[in-house]
Each structure stands twice: as C-alpha cells, then as structure tokens.
Amino acid sequence: MTARKVIRPLACAAALLSALLGARAFQRPFHQFPGVEYREFETPIDATEKTEWAFARLMYPPGANDGYRGRFDGDWRQGLSLWTQDYPRADRHFSQALRRLTRIHVRSAEQPINLDEGDVFDWPWLYAVQVGEWGVTDAQAKVLREYLLRGGFFMADDFHGALEWSVFENVMKKVFPDRPIEEIQTEDPIFHTVYDLDERYQVPGSEHLRTGFKNEGRVPHWRGIYDDKRRVMVAISFNSDIGDSWEWADEAAYPEKFSALGIRLGVNYVVYAMTH
Numbered sequence: 017m018t019a020r021k022v023i024r025p026l027a028c029a030a031a032l033l034s035a036l037l038g039a040r041a042f043q044r045p046f047h048q049f050p051g052v053e054y055r056e057f058e059t060p061i062d063a064t065e066k067t068e069w070a071f072a073r074l075m076y077p078p079g080a081n082d083g084y085r086g087r088f089d090g091d092w093r094q095g096l097s098l099w100t101q102d103y104p105r106a107d108r109h110f111s112q113a114l115r116r117l118t119r120i121h122v123r124s125a126e127q128p129i130n131l132d133e134g135d136v137f138d139w140p141w142l143y144a145v146q147v148g149e150w151g152v153t154d155a156q157a158k159v160l161r162e163y164l165l166r167g168g169f170f171m172a173d174d175f176h177g178a179l180e181w182s183v184f185e186n187v188m189k190k191v192f193p194d195r196p197i198e199e200i201q202t203e204d205p206i207f208h209t210v211y212d213l214d215e216r217y218q219v220p221g222s223e224h225l226r227t228g229f230k231n232e233g234r235v236p237h238w239r240g241i242y243d244d245k246r247r248v249m250v251a252i253s254f255n256s257d258i259g260d261s262w263e264w265a266d267e268a269a270y271p272e273k274f275s276a277l278g279i280r281l282g283v284n285y286v287v288y289a290m291t292h
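Taking the working numbering, the leading residue of the sequence shown gets 17, the next gets one more, and so forth.
Keep in mind that the hints were calculated from the coordinates and are not lab data. Hints may contain errors.
Only pairs whose alpha carbons sit at most 30 Å apart, straight line, appear in this in silico DSSO-like list of lysine-lysine [stated by the list, open to error]:
id: 1; residue 1: K190; residue 2: K158
id: 2; residue 1: K158; residue 2: K273
id: 3; residue 1: K230; residue 2: K189
id: 4; residue 1: K189; residue 2: K158
id: 5; residue 1: K190; residue 2: K230
id: 6; residue 1: K189; residue 2: K245
id: 7; residue 1: K158; residue 2: K66
id: 8; residue 1: K190; residue 2: K245
id: 9; residue 1: K273; residue 2: K245
My request is simple: use the sequences and hints to build the entire structure.
See below:
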C-alpha cells in the first residue's frame, strides 16, 4: 500500500462526502435494539453525532429457513431477529478500525435501517448478515434497487452452501432481475482502493474454526453485481463470515489472520463506496 494510493481515494471521498452533508441533517436518530447475541450494551457517547459515515445495518424480516425460527418469533422490527446476528459488537469494532485506519469521520454507533421507512438513502454504505436466511419483501427489494441505482453500496455477508445461496439469489433477482451476479476479479479496483487484496482466503465464523467452513460451503467466493459503468453495487462474501472477523477482532482465541483480512476488506469496501 502506497501513500499515493491512500491519499487519492480519501481526497475523492472528502469531496463526495461534503455533498452529502445536506442529507445528514435528515438522518433518523440513533436507536438500539436487543440482539440475538447481545441484549444489553452501552450507548457510545457519539451515538447522536452526525458524521460522514456510520455502519448502516439492514433490518429484514425472517425467511422460511431462518435459523432462529421458533426461538425468536417476535416482531423483527423490534430486534431479537436474525438481522441482529453479531450486532452491535461487529459494527462497533469495525467502525473503530475504520476510524483508526482512515481519515473518514466515523461514528462509533451503528444505524439499523428498515427499508420500509425510506431513510436508507441517507446512508452510502449498507451491510446485511446471514442473507441466505432473509425474507426481503417485494416492496423492500424495490427500495433496495432504487438505493443501489442512486449510488448506494450493499455488502452481503455470512451465508454458506447451496441452499443459502439459492435463497439469497432469489431475493437479488427481485432486486435486479436484469443484472447477473459475477465473480469479482482480483484486478478489480474494489480490491485495491486502500489495501491490495490479491490473496483472499476463507474467513470462517467463530463456531466453525475447527472445520473451517459451514454447511458444505468449502470454497470462498467474492462476487458482485455491477451497474452500467462497472461500479460494484453489491459486494458478496459467500462461504465466509466477515462479520465474525470484526466481532471477535479483540478476542485472543480468534485467529488474527481472519480479522486482518476482514478489516482490510471492509475498509476497501467503504472507501470504494465513497469514491465510485
């Protein structure tokens, strides 16, 4: 990584982000939800600060193969649903890393986003976990499509094996029936915005360190959906759990190599999203 490589995208990011300042004034207030892993957690002191970037996490209804079905059957809009996997620990760890590794003005607290509420357009980067078990509605898919075509960026993470791929793919066909999902080639700029990520390896979740994979998902794939100008709109980490690499980045028992790749990948995605 060279100084020039870092400065150029971040300078572009500053120019773009200044144009977003007006939208920031209308961002919804920060709100915390109970999660499936973490129920009580402190509110960061900067939770209400309007910043250039915040970790926007997609809220979604459960799908037919939701792994928590029967355990948490409440209203997904109130938390305690699959979309809260790793939340908020992964979000806050990655936000802290992004703030330290770039000059982007980053908020410590995440922002849950419900596509039914229409405020997704205020956030340039959106993340969703376990997208092989989601139940995105037709109306939500339409909003997500508009968000991406307007210049938004979506990171889809932590799903594994043929069944979960099928569920994810069916939803994305509702979002983009006319655009294919492609393997992102190593030379694509998204892998070189800040860090050169020529060597990418499978990142297992913390519960699958012994086997190294989940379900039958033995081979990692880095896939994407492009717009007409070959900008990556959707970055897909299939058969890997990048969220866990953020969540457990401060845990001695979790291998550092996985967090090293996960954090660098996330930094590249954010800077790419803000400059492309």
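Against the structure, the hints:
1. K190 - K158: 8 Å, holds
2. K158 - K273: 38 Å, violated
3. K230 - K189: 24 Å, holds
4. K189 - K158: 11 Å, holds
5. K190 - K230: Status holds; Cα separation ~26 Å.
6. K189 - K245: This hinted pair holds, its Cα atoms lying about 20 Å apart.
7. K158 - K66: 27 Å, holds
8. K190 - K245: Measuring from Cα to Cα gives roughly 21 Å; hence the hint holds.
9. K273 - K245: Between K273 and K245 the Cα gap is close to 34 Å, so the pair fails against 30 Å, i.e. violated.
Hints 2, 9 from the list above are not met by this structure, while the remaining hints are.
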